[in-house]
Amino acid sequence: MGIIAALIIGAIAGWLAGLIVRGAGFGLIGNMVIGIIGALVASYVLPALHIALASGTLGTILDATIGAVIVLVILSLVRRA
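If you use numbering that gives the first Met the number 0, the sequence shown corresponds to residues 0 to 80, in order.
Derived from the structure by calculation, the hints contain no laboratory data.
Values in this document were obtained by computation on a predicted structure and should not be read as measured data.
Virtual Cβ for every residue (Gly too), placed ideally from N, Cα, C.
Keep in mind that the hints are not guaranteed to be accurate.
Said to hold, decoys possible - Here are the in silico distance ranges between beta carbons for each label pair:
1. R79 x S54: 35 to 41 Å
2. G1 x I50: 21 to 27 Å
3. R79 x I28: 21 to 27 Å
4. V77 x G55: 32 to 38 Å
5. L48 x L27: 26 to 32 Å
6. G1 x A53: 18 to 24 Å
7. I2 x R79: 32 to 38 Å
8. T56 x I19: 18 to 24 Å
9. L52 x I7: 16 to 22 Å
Produce the entire structure from the sequences given, and follow the hints as far as they go.
Shown next as structure tokens:
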């Protein structure tokens, strides 16, 4: 996957994660960055857990969204402490 496609998918995933995890968002741009980081997290965590949800672009967006939700939840827990 090209870098531009990864950035777009990460941005979409961050936006979706911001909608899922209410109150833990960092604004539109911040959530996009979180989505890109979440895509990286998901690319390591999901295969390590032997989880394969789907293939193709929609599967990649789903995986990245799961990773972004994980990152947002962890960041919201850190911000509360």
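Hint by hint, here is what the structure shows:
With their beta carbons about 37 Å apart, R79 and S54 fall inside the hinted range of 35 to 41 Å. At roughly 24 Å, the beta carbons of G1 and I50 sit within the given window of 21 to 27 Å. The beta-carbon spacing between R79 and I28, approximately 22 Å, falls within the hinted interval of 21 to 27 Å. Evaluation of the 32 to 38 Å hint for V77 and G55 yields a pass: the beta carbon distance comes to about 33 Å.
L48 and L27 have their C-beta atoms about 30 Å apart, which keeps the hinted 26 to 32 Å range intact. For the pair G1 and A53, the beta carbons lie near 20 Å from each other, so the given range of 18 to 24 Å is met. Between I2 and R79 the Cβ separation comes to about 34 Å, which falls inside the hinted range of 32 to 38 Å. In this structure the hint that T56 and I19 lie 18 to 24 Å apart at CB holds, the actual value being about 19 Å.
Distance hint check: the CB atoms of L52 and I7 are about 19 Å apart, consistent with the given range 16 to 22 Å.
Checked against the numbered hints listed earlier, the structure breaks none of them; every hint is satisfied.
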